[in-house]
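Take the sequence shown: its letter number 58 is residue 44 in the numbering used here, and every next letter is one higher.
Fair warning: there could be bad hints in the mix.
Unchecked claim - Heads up, simulated EDC-like pairs for lysine to aspartate or glutamate below, C-alpha to C-alpha not over 16 Å straight-line:
(1) K22 x E(-4)
(2) K26 x E3
(3) K26 x D63
(4) K20 x E(-4)
No wet-lab data here; the hints were simulated from the structure.
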Amino acid sequence: MLQTIVTAMEARKRFGELLNSAFYYGVSTTIQRKGKAVAKVVPIVRTNVKMTSDVPDARTVREARARLKGSVLSYSDPFEPVGLEDWEALK
């Protein structure tokens, strides 16, 4: 089983990530305050859990953002009412 150690402040900032690491990757994380262990995030043993394919890693997210960069259109008045033709197309 993989194990990591983080400070209480770091655990607070990355709590969701620590939970995902425990659930999807089986990582056990010890949380320390002033150099002493005070808590632990550990995985619950489950069967038939889908592994990493459901959770994008940071590199995948960065690559997706890079592909989308510059592809967003700008709107001069985003609160302008939608035209009837566009409205019908959205139905």
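Given pair status - E(-4), K20, alpha carbons within 16 Å: holds (13 Å)
Given pair status - D63, K26, alpha carbons within 16 Å: violated (50 Å)
Pairwise hint evaluation, E3 against K26, where the allowed Cα distance is 16 Å at most: holds (14 Å)
Straight-line alpha-carbon gap K22 to E(-4), limit 16 Å: Within the cut-off at roughly 14 Å; holds.
The structure is inconsistent with hint 3 alone, although it conforms to all the rest.
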